[in-house]
Each structure stands twice: as C-alpha cells, then as structure tokens.
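> Make a model of the complete structure from these sequences and hints.
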Amino acid sequence: FKVCFLILCMHSLKYFFTASSEVTNFPEFVAVGMVDDIQVGHYDSNIKRVEPKQDWMKKVTEDKADYWEWLTERAVFHQQRFKVDLDNFKQRFNQTGGLCSHFQEIYGCEWDDETGDVNGYDQYGYDGEDFIALDMKTMTWVAAKQQAVVIKQKWDNNKAQLEYNKNYLTKECPDWLKKFVNYGRSSLMRTDLPTVSLLQKTPSSRVTCHATGFYPNRAMMFWRKDGEELHEDVDKGEILPNHDGSFQISADLQLPSDDWGKYDCVFLSGVKEDIVTKLDKREIKTNYVNPMNTVIPIIAIIAALVLLGLAVMDTRNTEQKM
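The C-terminal position of the sequence shown is numbered 322 in the UniProt record's numbering, with every residue numbered one higher than the one before it.
Bear in mind the hints are in silico, worked out from the structure with no lab data behind them.
Some hints here could point you the wrong way.
Listed next, with one range per pair, are the computed distances between beta-carbon atoms [said to hold, decoys possible]:
hint	residue 1	residue 2	range
1	232	51	44 to 52 Å
2	187	26	23 to 31 Å
3	91	138	26 to 34 Å
4	153	232	46 to 54 Å
5	244	149	43 to 51 Å
6	244	201	23 to 31 Å
7	213	66	34 to 42 Å
8	84	116	37 to 45 Å
9	276	128	33 to 41 Å
Ideal Cβ placement from N, Cα and C applies to all residues, glycine included.
Shown next, in the form of structure tokens:
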C-alpha cells in the first residue's frame, strides 16, 4: 500500500442519477450523492426534494444558506432531462411500451489531499450496460454502443457544454469535495476495525472468512497457506456497505485436504495492524444441524408416545376388568 492509502488522503465525490420506466413501486427518477462512498444526499421523484443523509452535511448551509433548495432545483432539472433522454433512448433501441428500462449517469471527481491532484469523470449507462463516457484527456465523448454514435457527434460539437463539464469536474466539484471532507472530517477520517468470523453452511462447503464493521472502505482480505497468499481455491468478495455507514468483505476458501493449521485469513486495512485469523474448526460458526441430531430425539419422542399409549390402554383394560 502506498503512503496515500495509509493516511486516507484520497477522497471522492460522486453523483448517481437513475431514470426508470415501467418499474412497479420504484420512483421514476432517483439521485444520490456520495462522499468517500458514504451517502450524503438523496432525491427522488416521489419526495421531490433533496434530503441530507449525514448530520454533518447540514453544515453546508454555513457556506451557502439556500444550498438544499438550490440542489433540489438542479435535481428537478435533471429529472426532466432524464425523462426526455429515456424516451429517446427507448426509441433508438426499438423498445415498445411495457418494457422496463433504466438510464443511468455517474459523474464526479477525486482529490488527493496529499498531492493536490484531481480528476473527474462522467459516464452514462443504459439498462445496465455502458453507453457513452467522457474522455477527460481529449474532452470528447466515447460511444460504447452504436446507438450512442449520433449522440457522441452532437455532444462533441457542443463546445460550450464541454467547457462547462471540464470546469465543473476539475474545479467546482473538487472545491465542493474539499468542503464536504472538512465538514465530515471526524466521521470520514475515522478508522474502525472489523469483527472477523469464520462461517460455514455445511461441513463440506467452503469456509467463509467474513469481516464486518470496518471503516474506511479501503481494505483487502485474503487466505494464506504457510504465510503465502493463496490464489487458487479462493473466491474473494467485493467490499459492501452496511446500513450504519461501515463496510463488510468476505473471502471463501475451498476446504483443504491437508493440515488446517497451515491456513489463515488476513484482513488488511492499511491503517492499523493486520487481523490474522487461524483456520480452526472450533472457531467456525454455522447454522448447520446434523440430521441425526434431530432424528434421534424424534425417534425417542415417538417411542415415548407409543409407550404412553400402551400404558393408557393397559390402564383402561384393567379398569374394565374391575
């Protein structure tokens, strides 16, 4: 890990826009703002306003009193733009009514508070696939689909919009990012270590090393044998968010046939000491229940009921004789 990773100097500001059609019980338009992969703002076509998702984001009104009203106006504008674009794209893809469609955009910037370097990006997707993206080096659009070629030509000719995009992604966006990081410094710059567990569904299934509750989301997890990282028989999962703003990650290991004592799981955050967990059968948590453990009690209960029934019948026979 490079030094920048160790001192958490890389920050990001991202915006996600999603327009949908023919999707039951889902807003037609959703916008989400993320700082360092933590959701800080939310808007959708049902609530029709931008809402802060972190308490420290409320400090933004100290610099711009009408910030949330201003951001809501922008969100409404994008909602209207996306509705028109989605209708146009459905025609380009020859999609008829009744079919679910999604049009997405993700744009934003990254800032290294150690070197001062910034970079931006802007890309669109349609129904889960890349559609068109902005090349920040050439300031031209790159079409990922044939249907996007016409749009590329149109957007490339709009020099004023390209200049605006460049200014926003390399100047305005990083400026806002720096303010947001300052507002949430105590939260964004914290370092929390996870709880690490070994999990297994059945005695023959893979063993999962699972870490949850860590922050920030810059971490690695891997299995080792005799101190060397394993690449075969290992399935690494992605870092996923928890509802409380922390993160989780897992790595699966195919059951080894040799000495389990040679294996361990390593959680590497780069901000504190590594967490090493030995592969130990006694430490594995499972909800697996051996069928024999339930069959025997059931047989015993049935046997007891039979004996009870025989005893009752014998008692009744005795009473009748009397």
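> Between residue 276 and residue 128, does the C-beta distance stay in 33 to 41 Å?
holds (38 Å)
> Are residue 84 and residue 116 spaced within 37 to 45 Å by their CB atoms?
Given range 37 to 45 Å: holds, Cβ gap about 38 Å.
> Using the beta carbons of residue 232 and residue 51, state whether their distance is inside 44 to 52 Å or not.
For residue 232 and residue 51 the Cβ distance comes to about 47 Å; the hint holds.
> Taking 43 to 51 Å as the hint, is the beta-carbon distance of residue 244 and residue 149 inside that range?
holds (45 Å)
> Between residue 213 and residue 66, does the C-beta distance stay in 34 to 42 Å?
Holds, since residue 213 and residue 66 (Cβ atoms, about 37 Å apart) stay within the stated range.
> Between residue 244 and residue 201, is the Cβ distance one that fits in 23 to 31 Å?
At 26 Å between Cβs, range holds.
> For residue 153 and residue 232, compare the CB-CB distance with the range 46 to 54 Å and indicate the outcome.
Given range 46 to 54 Å: holds, Cβ gap about 47 Å.
> Return holds or violated for the Cβ distance of residue 91 and residue 138 against the range 26 to 34 Å.
The hinted range 26 to 34 Å holds for residue 91 and residue 138, with Cβ atoms some 29 Å apart.
> Range hint 23 to 31 Å: satisfied by the CB atoms of residue 187 and residue 26?
holds (30 Å)
Violated hints for the displayed structure: none, as all numbered hints are satisfied.
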